[in-house]
Amino acid sequence: MSFISLLWVLLLGSLLGLELIGKVPPTLHTPLMSGANAISGITMLAALTLIVKAEGNVPLLIIGSVSLGFALFNVVGGFFVTDRMLAMFSRKPSNKK
Amino acid sequence: MNLPVIIKFVIDLLAVLLLALGIKGLSKVKSARDANRLAAFAMSLSVVGLLSYYLGTSGIAIQSWIWIIIGSIIGSLFGAILAKKVPMTSMPETVALFNGCGGMSSLLVALGVAIFPISNSVENLDFFKSLINEVSISVSIFVGAITFTGSIVAMAKLQGWLSTPGWTQSKVRHFVNIVFAVASLIAFFDLINGNTSSIWLLVIVSSLLGIGVTLPIGGADMPVVISLLNSYSGIAAAAAGFVVDSQLLIVAGAMVGAAGLILTQVMCKGMNRSLVSVLFGGSLSAQSTASSGSGEYTNITSCSVEECALTLEAANKVIIVPGYGLAVAQAQHTLREVTKKLEQNGIEVVYAIHPVAGRMPGHMNVLLAEADVPYEQLKEMDVVNPDFPATDVVLVLGANDVVNPQAKNDSSSPLYGMPVLDVQEARTVFVIKRGMSAGYSGIKNDLFDLPNTSMVFGDAKKVLNDLIGELKDLGVGEK
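Chains A and B, in that order, are what the protein sequence lines are.
By this note's numbering, the letter at position 45 of the first sequence is numbered 45, and the numbering carries on one by one without gaps.
By this note's numbering, the letter at position 275 of the second sequence is numbered 275, and the numbering carries on one by one without gaps.
Isolated chain A (complex conformation) (with noise of 0.2 Å):
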């Protein structure tokens, strides 16, 4: 991919992110945010990308190693806790008598 097109996709991908979140009710502004701050942690794929070109490269694959670490702990964790919050507020129908 040439610099320009990816800067494209910077563009596109920011447009898009302020599109998505026109009107959110302020219920759901914390689990927004844990969802969204998962999604960061899509960085887990640099991170991937960076052990297998490692070839080899052992200080290489323990910085890749950690990163990914660090990566998936924001991920999965921000995905659990999102679901927990989120588990509290699609219950309630099932209580309503």
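Treat the hints as calculated values from the structure; they're not laboratory data.
Hints may be right or wrong, so weigh each one.
[To be verified] Taking lysine-lysine pairs in the DSS-like style, the calculated list, with each CA pair at most 30 Å apart, reads:
| # | chain 1 | residue 1 | chain 2 | residue 2 |
| --- | --- | --- | --- | --- |
| 1 | A | Lys23 | B | Lys24 |
| 2 | B | Lys30 | A | Lys23 |
| 3 | A | Lys23 | B | Lys462 |
| 4 | B | Lys317 | B | Lys85 |
| 5 | B | Lys379 | B | Lys30 |
| 6 | B | Lys472 | B | Lys317 |
| 7 | A | Lys23 | B | Lys28 |
| 8 | B | Lys462 | B | Lys472 |
| 9 | B | Lys408 | A | Lys23 |
| 10 | A | Lys23 | B | Lys472 |
| 11 | B | Lys408 | B | Lys30 |
Please read all numbers here as calculations on a predicted model, not as lab measurements.
Position chain B relative to chain A; hints supplied.
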């Protein structure tokens, strides 16, 4: 294009689509939970896409697999354990911690690529020499470091591990931060000029900048900062996307970055603070001590739980104003028992939720949902404010600044202009509070001095438990 490239292209496209749908779905109550799972699925899909691409092209060495597995297991395990164990009240700090780790990940990737240029791959040779690559590495390190240290400081402050040091409230902090910022800039240009060793300078000063910027910010403003840092971690991910040449990373990072900015803006509006004043204004309490000497209360009415129960029994309409103090005392379940009793007695009970009740917008809704409070009983500020004059009793539980009439009446108050709940319009207001200490803003609450306000001193949970006992004695809620 050969097959692995096509497969990866299709998977990436699908992942972006699903992530976008996920974020979209997260903004509606009905679809939120499924949307979260959809986003999680998209993330796993993207990993499969990446790994299958490398398997199909260059192959993945055994050694790489080992390190991938080690990193994944440790990271996922800790993340899952923390996510399951952490109490709902600590949600803001948890999000901050996760977020900081995301930033750290971007930082490490950029650092790894910068220190150990992967030389044996032909496609990388001119790529790594390019200016663009140096810039994206620097940005990734800079933003990643700020995200990491800033989030950790935010977490530590919310947990109460760190207080606000005095010097950070003076003008000195601006000078210090400017020095850090300029040093980062110097390191940045030095790095682009090809001086690789300045990368460490960049790491250090941008880390310090993250600390220096976050440390002076008061507890009340912390959610805004976390939301902003969340946006930064998206930007860091996008920058890392430029470093490893991945469109998926750039799109996802940019989406999170932009969405985070919007959310930050929404939060600022709810607190009537501008982003600039949050970031550079220091904590509110520092301003208020300077503003006026009206810190003394003159007309406090204290009352017993028994009196409170008697008044509640005679009421027709009760509004509950829950605040962070309620959450700290873990009293949301006890509160639910009290309101159940009142409802059984035919008393109308409504919860008034200030936009920033709890520590983050929506935090209080989560906590009350945890205690099985029906969704319809939660009323937002604009909806509930006209109801206060027709309300018999208001119970303020651990909320403070959000019920301070100063925000409407006193133009010299630092709170002035912040949207508040007009609880003083009600016939009787009970404030359940541990003591007379001020709220996060550190500002005196005029509400406590009003003649229709009575203070019930004590821990929220204990007072509510006592209240249940008193209501029982009065026969409220018994058939």
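| field | Unsatisfied constraints (hint numbers, rising) | value | Of the numbered hints, 3, 4, 10, 11 do not hold.
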